[in-house]
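Modelling step: build the complete structure from the supplied sequences, incorporating the hints.
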Amino acid sequence: MATLIERITVNPKQCGGRPCIRGMRIRVTDVLNLLAHDLTREQILTEHPDLELEDIRACLRFAIDRLNHPVLAA
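37 is the number that numbering that gives the first Met the number 0 gives to position 38 of the sequence shown; each next residue is one higher, with no gaps.
Treat the hints with caution; some may be incorrect.
[As the list claims (entries may be wrong)] What follows is a list of derived Cβ distance ranges for each label pair:
id, residue 1, residue 2, range
1, Gln13, Arg65, 12 to 22 Å
2, Pro69, Met23, 23 to 33 Å
3, Arg60, Gly16, 14 to 24 Å
4, Arg24, Pro69, 26 to 36 Å
5, His68, Gly15, 27 to 37 Å
6, Glu41, Pro69, 34 to 44 Å
If you're looking for bench data, these hints aren't it; they were derived computationally from the structure.
Only a predicted model underlies this, so the values are computations on that prediction, with no experimental measurement involved.
Using N, Cα and C, we set each Cβ at its ideal position, and we do this for glycine too.
Structure representation (structure tokens):
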């Protein structure tokens, strides 16, 4: 199983610096949006043949990690 750092990449010159999957122009938010609109993992993989099942899992783990950080009080 690949780690998040191998699956989720951030390049300031690509997609406005937003997190993408393995250097492709498929953003983490794109995959999360498809899942939120009730597409199955299989449907997403069919629509985006360059993706792998582990990429989808990495997007979910990435979102969990981002949301799980405590918010610092100002």
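Are there hints from earlier that the structure breaks, and if so, what are their numbers?
Violated: hint 5 alone.
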